[in-house]
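Participant: For reference, the chains in residue letters:
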Amino acid sequence: EAQVTQNPRYLITVTGKKLTVTCSQNMNHEYMSWYRQDPGLGLRQIYYSMNVEVTDKGDVPEGYKVSRKEKRNFPLILESPSPNQTSLYFCASRPGGGNTEAFFGQGTRLTVV
Amino acid sequence: AQSVTQLGSHVSVSEGALVLLRCNYSSSVPPYLFWYVQYPNQGLQLLLKYTSAATLVKGINGFEAEFKKSETSFHLTKPSAHMSDAAEYFCAVSPGAGSYQLTFGKGTKLSVIP
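Protein chains in written order, with the numbering used here: chain A, 1 to 113; chain B, 1 to 114.
To be clear, the hints were calculated from the coordinates, so they are not data collected in a lab.
There could be a bad hint or two in this list.
Cross-link-like lysine-lysine pairs, in silico, DSSO-like; alpha carbons within 27 Å at most [as the list claims (entries may be wrong)]:
1) LYS69/B with LYS109/B
2) LYS106/B with LYS57/A
3) LYS57/A with LYS49/B
4) LYS17/A with LYS69/A
5) LYS65/A with LYS106/B
6) LYS49/B with LYS69/B
7) LYS57/A with LYS69/A
Covered stretches of chain A (chain B as the covering partner; in silico rule of three or more C-beta atoms under 8 Å from a C-beta of chain B) [unchecked claim]:
8) 71-80
9) 100-106
Far from chain B by the CB rule (all over 10 Å, computed), these chain A residues [claimed, not checked]:
10) THR20
11) GLN45
12) THR55
13) LYS57
14) GLY63
15) LYS65
16) SER67
17) THR86
18) VAL113
Virtual Cβ for every residue (Gly too), placed ideally from N, Cα, C.
From just these sequences and the hints, can you work out the full model?
Facilitator: Put into structure tokens, the structure is as follows:
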């Protein structure tokens, strides 16, 4: 089954403790991205990747890092999480640009206390 | 740069009534437009997309949307709401072939009243 898998689904952590949210897709898509979803703000793009070793900032990249060492994986790293990073995070992949559909993971609900 | 405006963060309709969710876009090039739906505790899934082949687009679950270039709109409709339609709906724009960027609106939460 074609899917984007994120882990964990839920995470509560403390300020400053480094964490990684994993994302993996089995569709051989070149393009992957991370979004955060906050009430009243919709989805905002954090980082995206056009292919292996090619990443770039989205609209809200501060406090986040990503890497793309393999085509299927695109982890999101929070080196020193802060409470304002409490949010619902989604990973997505697309086979190409233009009119191609984006496939989303189930989401990771992160709480930073 | 492209952007999307969804009018109404929350829409309530009675079961069996018409659903109308509004989306206006701005784009410097002819855009590709999408509607996604998010059910509680789930990710987003594609409802339908406009790809310039036809201005009236039919999607899943009885939804459709009409692209109106003169109004820069892509409103989502369904003739008769069902309880299972209660969800959050997002309009998104991709600025033309070759662009990977996908910009989302802020979403409209649809409630269906029995």
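Participant: Work down the list of hints and note, for each, if the structure agrees.
Facilitator: The hints, checked one at a time:
1. LYS69/B with LYS109/B: holds, 25 Å
2. LYS106/B with LYS57/A: holds, 20 Å
3. LYS57/A with LYS49/B: holds, 26 Å
4. LYS17/A with LYS69/A: Holds, because 23 Å separates the two Cα atoms, which is no more than 27 Å.
5. LYS65/A with LYS106/B: This hinted pair holds, its Cα atoms lying about 24 Å apart.
6. LYS49/B with LYS69/B: OK: LYS49/B and LYS69/B at ~15 Å, within 27 Å.
7. LYS57/A with LYS69/A: Distance ~17 Å between LYS57/A and LYS69/A Cα, so the pair holds.
8. 71-80: This one is violated; 0 residues, fewer than the three required, reach chain B with a Cβ under 8 Å.
9. 100-106: holds (count 5)
10. THR20: Given a closest Cβ separation of 19 Å, the condition holds.
11. GLN45: Answer for GLN45/A: violated, closest chain B Cβ roughly 8 Å.
12. THR55: holds, 12 Å
13. LYS57: Its Cβ never comes within 10 Å of chain B, the nearest being 12 Å, so this holds.
14. GLY63: holds, 20 Å
15. LYS65: Answer for LYS65/A: holds, closest chain B Cβ roughly 20 Å.
16. SER67: holds, 18 Å
17. THR86: THR86/A clear of chain B: closest Cβ-Cβ about 17 Å, beyond 10 Å.
18. VAL113: holds, 21 Å
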